[in-house]
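One-letter residues, chain by chain:
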Amino acid sequence: MTITELRSLATDGKRRARQQNADAPVPAKKKRTWRSYSVYAGLVLIFAYCLAPFYWMIVSSLRRTADIFDNTFLPAPFSLENYVKVFDGSTMFGQALLNSLIVAGTTTVFALVLGVFAAYAISRLEFRFKSVILGVIIATSMFPGISVVVPLLRFFTDLGWINTYQAMIIPNLSFAIPLAVWNLTTFMKQLPFDLEEAAMIDGCTKWQAFRKVLLPLAAPGVFTTAILTFIHSWNEFIIALSMINDPKIQTATVAISKFTGATEFQAPFGEQMAAGVIVTVPLVIMVLIFQRRIVEGLTAGAGK
Amino acid sequence: MTTTVTSPAPSAPQDLKNPNRGLKTRTPGEGRMAAMLLSPTLLVLALVIVYPLISAIHQSLFSAESGLDADGFVTEGEAFVGLANYADLFVGESGRRFLNAFGNTTFFTVTTVLLETVLGLCLALAMNRAFRGRAFLRASILVPWAVPTAVSGLLWRWIFQSDGIANSLLGSEILWTAEGTASKLAVIIAEVWKTAPFIGLLVLAGMQIIPEEVYEAAKIDGAGWWRQLGSITLPLVKPTLLVAVLFRMLDALRMFDLPFVLIGPGKESVETLSMLAWDESNQLRYGSASAFAVVLFLYVAVVAVVFVKVLGADVTGAKKLGSKKRKATRSQKAEATR
Amino acid sequence: MRQRRRTWQTLLTTTAFVTAAAVSLTACGGSAQEPKAAANAAAAFEGKGPINYVSSRDASGAAQKSIDEWNAAHPDQKVTFIELPDSADQQRQQLIQNAQIKSDTFSVLNLDVVWNSEFAANKWVLPLPEDAIPTADMIPATVNAAKYRDTLYGAPYYTDGALFYYRTDLLRAAGVAAPPKTWDEMKAACEKVLALPEAKGMSCYAGQFDKNEGLTVNFSEAVASAGGSIVDAEGKPTVNTAEARQGLSQLVDGFKDGLFPSDAITYLEEQGRRAFQDGKVVFLRNWPFLYSSLSATDGSSSVAGKFNITSIPGTKGPGVSTLGGRNLAVSPFTQNKATALEFIRFFTSQEQAQKRLALSSRAPAYAALYEDPAVVAKRPFFPTLLESLTNAQPRPKVVQYGATTKAIQEEAYAALTGAKDTDTALKDMQAKLEEITAK
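Protein chains in written order, with numbering that gives the first Met the number 0: chain A, 0 to 303; chain B, 0 to 337; chain C, 0 to 438.
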């Protein structure tokens, strides 16, 4: 797509240039120009819709508590007091960020490993009860999350898992795995089996064919699943709140819920927004870096 | 477009009846290997879900006796009431609330998933284009999904306050967080904002595995952008799109945090089934809370099954699909040339 | 083939085993019956050692200071502060969850006054020996709110009552000599004030009317100030009365006649503060917490020095405030009950309450502290607050408080938004409350 689109943009550009020179454009060409303008207009709109609320979040986080309700587009006066409060020692927010990273990272790794195995089995192997198993896997995503909490709390208390990472990671897996399995299965199923077959004829084992041919081809799917499950676990709240009461192990979303205003009637809105920004930005930067390194590296490697 | 790609993939029961379909027959080792590969997944899921599910079904058959003894203490012990908790869902005041919540849940699911799908597709198409700043666009699209739900609920609550930025931009005096249509709209706007990136990212991944040569061939054959979208992109991302939509539907049917934080608990205009289950357990009526949860579970399951059957979001299909797809695209090319 | 079948058998057996284990766990958890302890016998407070204090964070740091002082004096009975979320709903949910699984993690609980009956009746907190807490020195309403069926279950930690904020500058300009004492006087005062050019675009009054606990508070106050009540002394609902009708009608007419700003239906405490602070309303019912931010002279408040406080208005005289605040209670599931009781006595003592006043703006339970000149100099609203607290009524003291407040909010909200007329709303509210209390 990319190359062809580039080409089409390039020709669009040339046409536009030609058009500016000639005062009376041909109707057909006018239509194409209108289209490329509308595409850019659409892109700008998308940017705006995604980022405007986030911009508001940033602006709100930079206001003083006293003028938190202002509707001005720039914070005046500009203040970092909310950020200072977020990292004030009593909240242990830095530790909470680290905990979130541990929980979400472990969840993602496990979900991907288990998901890739399961997806390979379902897309490449023939066995009975395939659709039943797929159904059972997705069925775990159908139970309302809030109804899982009390039984799990009882269960994990009996296991002595209160205040442990696994008490958060394992429930997180229960929503990460179904997504990973279904999504990766779809991906692998779409990828041609011919290539693996050819590799196996060339003397590769099944594992090698999987590792060297299938996995690189499925990279965009694996990467996207990783982002989605990571963010989902990163944002999980109610399980983490119920299973953990030790501030040394609590995650960032739980830490945010414990922010308090000056009194019980005042929501610590500025701090919450500042924490939201702090939690979101590194995630996006991380994805930017990984996106280049992993996806483009892997797909390029597969092409060779 | 009479190819395997667009026609629904063969459904599972046929697989069972005819396990040797496909070019390669099942070997004895495959079942064993599949069991090995699948058992860790099933074990983890059983650990987390089976117990709560059984516990909920068990509890939904009991009613906590909420009477007080002579000294004013709550009498302990639970009475077996059979299906009475379920029957109670459908009658009287609680029946009305249930129907209302059922309607809201369905309404939100249909509207938000529909809008998210359209927007998500647009996002994916935009991200898949090559232009300067594409990486930045991709990152910015991720932002709404990355903001924690509780925080985004608060953010939108402030945006939609009576004197918030939404009213000030629109020059209106809409009471978004009071009961009424506006509150429904507020929930939809915030939910679509938050979750369209989910569909967008998944569909983008689906687009990235479409071989470039397909487009180039179509281009040479003179197929325009719309033609390429309709006969190459959409059919080829359909499996991914359907999985994305399926998971969004499962989530939307269980929607809880956003209306709870944004509009507030107990507002009938936005009360969903999950909120109702929460409210019941918040009032210590665990029997009926569990009955709500089980009914919601069944509803979600039915929707999922219907979705999979009707739209063919079936991922069990043949392993030879890949090679068929190639033939399919070849025939598309042929079609496009005509 | 056989091999494959065996693998699948193993897989199925494993799953079945997990399921069976889960079933047996459910059975155990669900029907655990305990021998009932004699109802009112003072529980034995035994066991010394480390305990946990469970509460939302105290931003002022005053609570932590008290705990630090205790820990310094009791190194082998250390108290650890377990923080709960800021949201009261989430606090209650965490407390109940841990009580249901009989977790010994939560030792001393910080309970909202309205949860007292529920926690006491479910035996999630222990009855306290009456002589352990100096209740005689405390404001009677706060002690009453900590009792369930005449037994003390909590030690009052801090309290809260309604204040009526008014704009002194506007009242003076309109020639209103004294702040209104009754609802009618308030309306009359508003008429004069709103006629002033500087009051253009203002509304008369605001409270908290969003479907939230604040609405229960405002409705209870309106009914009590009109001479009615929500439940009688025996706990029977009494909202289908002339007094309750008068109370609710005042609020309904307030919206209908434009006395309240139309967006007041979305107001919680904060939005009300903002409306008053930005000069949108002349009168405001709110808690004492906003006194200091309204008085701020850093430019954030446009009403600094232009407002004062009094008791909320009633029908015939000053109105009746409801009571807010928190109590400390002991969980029956904790190991070290003796330490827990000792800590509560220490934490809620007058000495500690006075020390906390240096940092915290929370209103203490001890009446004497409201008359201390040094304290009043810093908190000019204390005498008025004491007056409000002395007359205060608790919100309905019922076991099923969650269902009760929900029923009140639903019907009152329906009346305020015009979805139901006042009579129907009260009739339905009465029916709902009767159904709840009949259980």
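Think of the hints as simulated: they come from the structure by calculation, not from any bench. Treat the hints loosely; a few may be bogus.
As the list claims (entries may be wrong) - Some chain B residues well away from chain A (every beta-carbon gap over 10 angstroms; in silico):
(1) Thr74
(2) Val80
(3) Val109
(4) Thr116
(5) Ala138
(6) Pro196
(7) Gly229
(8) Ala243
(9) Ser273
(10) Val305
As the list claims (entries may be wrong) - Straight line, CA to CA, 16 angstroms or less: simulated EDC-like cross-link-like pairs of lysine to aspartate or glutamate:
(11) Lys255/C - Asp420/C
(12) Lys279/C - Asp371/C
(13) Lys211/A - Asp193/A
(14) Lys419/C - Asp70/B
(15) Lys122/C - Asp68/B
(16) Lys122/C - Asp70/B
(17) Lys47/C - Glu386/C
(18) Lys279/C - Glu172/B
(19) Lys64/C - Glu350/C
(20) Lys183/B - Asp256/B
(21) Lys205/A - Glu29/B
(22) Lys211/A - Asp201/A
(23) Lys315/C - Asp103/C
(24) Lys315/C - Glu197/C
(25) Lys122/C - Asp103/C
(26) Lys279/C - Asp162/B
(27) Lys101/C - Asp157/A
(28) Lys47/C - Asp111/C
(29) Lys199/C - Asp168/C
(30) Lys279/C - Glu197/C
(31) Lys431/C - Asp68/B
(32) Lys305/C - Asp183/C
(33) Lys235/C - Glu433/C
(34) Lys180/C - Glu386/C
(35) Lys426/C - Glu92/B
(36) Lys77/C - Asp88/C
(37) Lys279/C - Glu350/C
Bear in mind that the values here come from a model prediction, so they are computed numbers and not experimental data. Virtual Cβ for every residue (Gly too), placed ideally from N, Cα, C.
Hints and how they fare:
Remark: the non-interface label on Thr74/B is consistent with the geometry, its nearest Cβ contact in chain A lying 21 angstroms away (cut-off 10 angstroms). Here Val80/B stays apart from chain A, with its beta-carbon at least about 19 angstroms from theirs, past the 10 angstroms limit. With a minimum CB-CB distance of about 18 angstroms to chain A, Val109/B clears the 10 angstroms threshold, and the non-interface call stands. No Cβ of chain A approaches the Cβ of Thr116/B within 10 angstroms, the least distance being about 15 angstroms, so the stated non-interface status holds.
For Ala138/B, the non-interface assignment is contradicted: its Cβ lies about 5 angstroms from the closest Cβ of chain A, within the 10 angstroms cut-off. With a cut of 10 angstroms on Cβ distances, Pro196/B falls inside the contact zone with chain A, its closest approach being about 7 angstroms. Listed as a non-interface residue, Gly229/B keeps its Cβ farther than 10 angstroms from every Cβ of chain A; the least gap is roughly 14 angstroms. For Ala243/B, the requirement that its beta carbon stay farther than 10 angstroms from each beta carbon of chain A is not met, with the minimum near 8 angstroms.
With a closest Cβ-Cβ approach of about 5 angstroms to chain A, Ser273/B is found to fall inside the 10 angstroms limit, against its non-interface label. Look at Val305/B: its CB is around 13 angstroms from the nearest CB on chain A, clear of 10 angstroms, so calling it non-interface holds up. About 12 angstroms separates the Cα atoms of Lys255/C and Asp420/C, which keeps this hinted pair within 16 angstroms; it holds. Straight-line distance between C-alpha atoms of Lys279/C and Asp371/C comes to about 35 angstroms, which puts the hinted pair past the 16 angstroms bound.
The suggested pairing of Lys211/A with Asp193/A holds, with an alpha-carbon distance near 14 angstroms, which does not exceed 16 angstroms. For the hint pairing Lys419/C with Asp70/B, the CA-to-CA distance comes to about 38 angstroms; that exceeds 16 angstroms, so the pair is violated. Between the alpha carbons of Lys122/C and Asp68/B the distance comes to roughly 12 angstroms, so the proposed pair stays at or under 16 angstroms and holds. In summary, the hint linking Lys122/C to Asp70/B is supported, as the alpha carbons are separated by about 12 angstroms, within the 16 angstroms threshold.
With a C-alpha separation of about 40 angstroms, the suggested pair Lys47/C and Glu386/C falls outside the 16 angstroms cut-off, and the hint is violated. Among the hinted pairs, Lys279/C with Glu172/B is consistent with the structure: their alpha-carbon atoms are about 15 angstroms apart, no more than 16 angstroms. At most 16 angstroms may separate the alpha-carbon atoms for a hinted pair to count; Lys64/C and Glu350/C meet this at roughly 13 angstroms. Note on Lys183/B and Asp256/B: the hinted pairing holds, with a Cα-Cα distance of about 14 angstroms set against a maximum of 16 angstroms.
Using a Cα cut-off of 16 angstroms, the hinted pair Lys205/A and Glu29/B holds, with the two alpha carbons roughly 11 angstroms apart. Note on Lys211/A and Asp201/A: the hinted pairing holds, with a Cα-Cα distance of about 13 angstroms set against a maximum of 16 angstroms. Distance restraint check for Lys315/C and Asp103/C: the Cα-Cα separation of roughly 51 angstroms exceeds the 16 angstroms cut-off, and the hinted pair is therefore not satisfied. A distance of roughly 30 angstroms separates the Cα atoms of Lys315/C and Glu197/C; the hinted pair therefore is violated under the 16 angstroms criterion.
A C-alpha spacing of about 14 angstroms is found between Lys122/C and Asp103/C, which places the hinted pair at or below 16 angstroms, so the restraint holds. For the proposed pair Lys279/C and Asp162/B, the alpha carbon gap of about 12 angstroms is at most 16 angstroms, so the pair holds. Distance hint between Lys101/C and Asp157/A is fulfilled; the C-alpha atoms sit about 11 angstroms from each other, no more than 16 angstroms. Between Lys47/C and Asp111/C the CA atoms are separated by roughly 26 angstroms; this puts the pair beyond 16 angstroms, and the hint is violated.
Between Lys199/C and Asp168/C the CA atoms are separated by roughly 14 angstroms; this keeps the pair inside 16 angstroms, and the hint holds. In summary, the hint linking Lys279/C to Glu197/C is supported, as the alpha carbons are separated by about 11 angstroms, within the 16 angstroms threshold. For the proposed pair Lys431/C and Asp68/B, the alpha carbon gap of about 22 angstroms is over 16 angstroms, so the pair is violated. Annotation: proposed proximity of Lys305/C to Asp183/C is violated, straight-line Cα distance about 23 angstroms (limit 16 angstroms).
For the hint linking Lys235/C to Glu433/C, the alpha-carbon distance of about 7 angstroms falls within 16 angstroms, and the restraint holds. Distance hint between Lys180/C and Glu386/C is fulfilled; the C-alpha atoms sit about 13 angstroms from each other, no more than 16 angstroms. Using a Cα cut-off of 16 angstroms, the hinted pair Lys426/C and Glu92/B holds, with the two alpha carbons roughly 15 angstroms apart. With a CA separation close to 28 angstroms, the supplied pair Lys77/C and Asp88/C exceeds the 16 angstroms bound.
Under the criterion of a C-alpha separation no larger than 16 angstroms, the hint pairing Lys279/C with Glu350/C is inconsistent with the structure, at around 41 angstroms.
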